[in-house]
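My request is simple: use the sequences and hints to build the entire structure.
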Amino acid sequence: MSSGDARKKNAVEKLFALVDCNNFYASCERVFNPALRHKPVVVLSNNDGCVIARSEEAKALGIRMGVPAFEIESLLTAHGVAVFSSNYALYGDFSSRVMATLAALVPSMEIYSIDEAFLDLTGISPEGAEALAQRIRKTVLKHTGIPVGIGVAPTKTLAKIANHLAKKNKMPVCLLKGEEEITEVLQQTPVGEVWGIGRQYSAKLTARGIITAYDLSRAPEEWVRREMTVTGLRTRQELCGISCLALEEAVPARQAICTSRSFGKPQGEPGPLEEAIATFATMCAAKLRRGKSAATQMMVFIHTNAFRTDQPQYARNRVITLATPTNDSILLVKAAVEALRAIYRPGYLYKKAGVIVTGLVPEGEVQQDLFSSAETGKHRKLMESLDEVNRRYGRQTLQVATQGTTRKWRLRQEKLSPGYTTRWSDLMEIRLT
DNA sequence: TCTGGGGTCCTAGGACCC
DNA sequence: TCTGGGGTCCTAGGACCC
1 MSSGDARKKN
11 AVEKLFALVD
21 CNNFYASCER
31 VFNPALRHKP
41 VVVLSNNDGC
51 VIARSEEAKA
61 LGIRMGVPAF
71 EIESLLTAHG
81 VAVFSSNYAL
91 YGDFSSRVMA
101 TLAALVPSME
111 IYSIDEAFLD
121 LTGISPEGAE
131 ALAQRIRKTV
141 LKHTGIPVGI
151 GVAPTKTLAK
161 IANHLAKKNK
171 MPVCLLKGEE
181 EITEVLQQTP
191 VGEVWGIGRQ
201 YSAKLTARGI
211 ITAYDLSRAP
221 EEWVRREMTV
231 TGLRTRQELC
241 GISCLALEEA
251 VPARQAICTS
261 RSFGKPQGEP
271 GPLEEAIATF
281 ATMCAAKLRR
291 GKSAATQMMV
301 FIHTNAFRTD
311 QPQYARNRVI
321 TLATPTNDSI
331 LLVKAAVEAL
341 RAIYRPGYLY
351 KKAGVIVTGL
361 VPEGEVQQDL
371 FSSAETGKHR
381 KLMESLDEVN
391 RRYGRQTLQV
401 ATQGTTRKWR
411 LRQEKLSPGY
421 TTRWSDLMEI
431 RLT
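So the first sequence is numbered by the working numbering: it starts at 1 and just counts up by one.
Read the hints as simulated data drawn from the structure, not as lab findings.
The model shown is predicted, which means the values in this text are computed figures rather than measured ones.
It is possible that part of the hints are untrue.
What the hints assert, rightly or not - Label-pair ranges, simulated between beta-carbon atoms: (1) 105 x 45: 29 to 37 angstroms; (2) 142 x 391: 41 to 49 angstroms; (3) 309 x 45: 17 to 25 angstroms.
To be verified - Restricting the straight-line Cα-Cα distance to at most 25 angstroms, the calculated cross-link-like pairs of lysine-lysine (DSS-like) are: (4) 381 x 334; (5) 39 x 167; (6) 408 x 265; (7) 378 x 287; (8) 168 x 59; (9) 334 x 408; (10) 14 x 265.
Where is the CB? At the ideal position from N, CA and C, for every residue including glycine.
Okay, structure coming up:
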């Protein structure tokens, strides 16, 4: 069966759009800082470690994604690149604005990531889809200041490819339809660029002579399934135009929440480590409460700097099962510190630590433990007040004592932009003279 | 001196049960 | 020689994503 025949088997020809914000973090930094227009901009990861977003001008300078900032310091200075620490409060807020704008323009959408959304355009003619995509792009730009690119195709995987193509050709919208056009594009797409094909699979496929996305769409189904599991098989079918990945409108309940950081300076003493772990535990607790869920298990991990092969290495984690599912900061801090004490060893320089909570259940369904319910009830009121204070006066205004005040472990964040849209004190001022 | 953070899904294999 | 078979649950590890 040719892929064309297979496509016809779909009762209704589906059509998906992928909307992707261009260089999202860099674009956010630009909105309130027009002086940065047409200038190279990069945004660094937490701890000012690696480059995680680049404006077009920065890409043109040859700055690669993920490159450590210290390796390109002279390049950044020489070209007057504007450098920012990541400001997730700002990006999260812009993301909400973009998504709200999209939601008002289409009947059904899936928020796929902070800067991407899939839209269902099934039933719309190719010309209609193209016009709608153009309108979406203009509206988002006008309402939020964020430029987006849009790829449209019969499956999500093909819509991703259409979106890449739009970027490559510096076109705002790319519509991919019709067997011949799709075949031609797939033949020009390296298999590693396909959504769902990462480094490992890319190497394996290339070694087997599967070089392009088209080759993968023609590979024997049995082989793909055996070597790449059903996930790989779905990707193969999607490349053939058979839609296997549906639009997921409802946000599935989280399964895990993680808070982890690299330290600005490596830490050897137990004190600062405990303060860091306690802080991560309270951040997990706050995220749990915001999502109205509670955790049944917690994992605490610490490790040394793996890049420093000249130093002794150590990495351990410890899982604690909580007697009753909880989102109480005080109980979670207690558990986290206990876990840390069990795995901490002196004589190492720790670079990173984190807390992961799992086994999440809805807050309302928690079975109260007979022996601790009185304590839990008291704490609940306290947590509500804590969240309210921190919401009003900024994160970490009220803390659990174990979090400490030295913050020796804190992030390096030397180039943070203001919280233009999320902190009253950072609101932009305009002087009319 | 400096190298991110937060998620998901799938499978194989072991433990355990009847 | 040859040691049941089938089901469920859990975990670790490997792959991927942005």
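To see whether the hints hold, each was checked on the structure:
no.: 1; hint: 105 x 45: 29 to 37 angstroms; result: 32 angstroms, holds
no.: 2; hint: 142 x 391: 41 to 49 angstroms; result: 30 angstroms, violated
no.: 3; hint: 309 x 45: 17 to 25 angstroms; result: 22 angstroms, holds
no.: 4; hint: 381 x 334; result: 18 angstroms, holds
no.: 5; hint: 39 x 167; result: 19 angstroms, holds
no.: 6; hint: 408 x 265; result: 8 angstroms, holds
no.: 7; hint: 378 x 287; result: 20 angstroms, holds
no.: 8; hint: 168 x 59; result: 13 angstroms, holds
no.: 9; hint: 334 x 408; result: 20 angstroms, holds
no.: 10; hint: 14 x 265; result: 52 angstroms, violated
Going down the numbered hints, you'll see the structure goes against 2 and 10, while the others check out.
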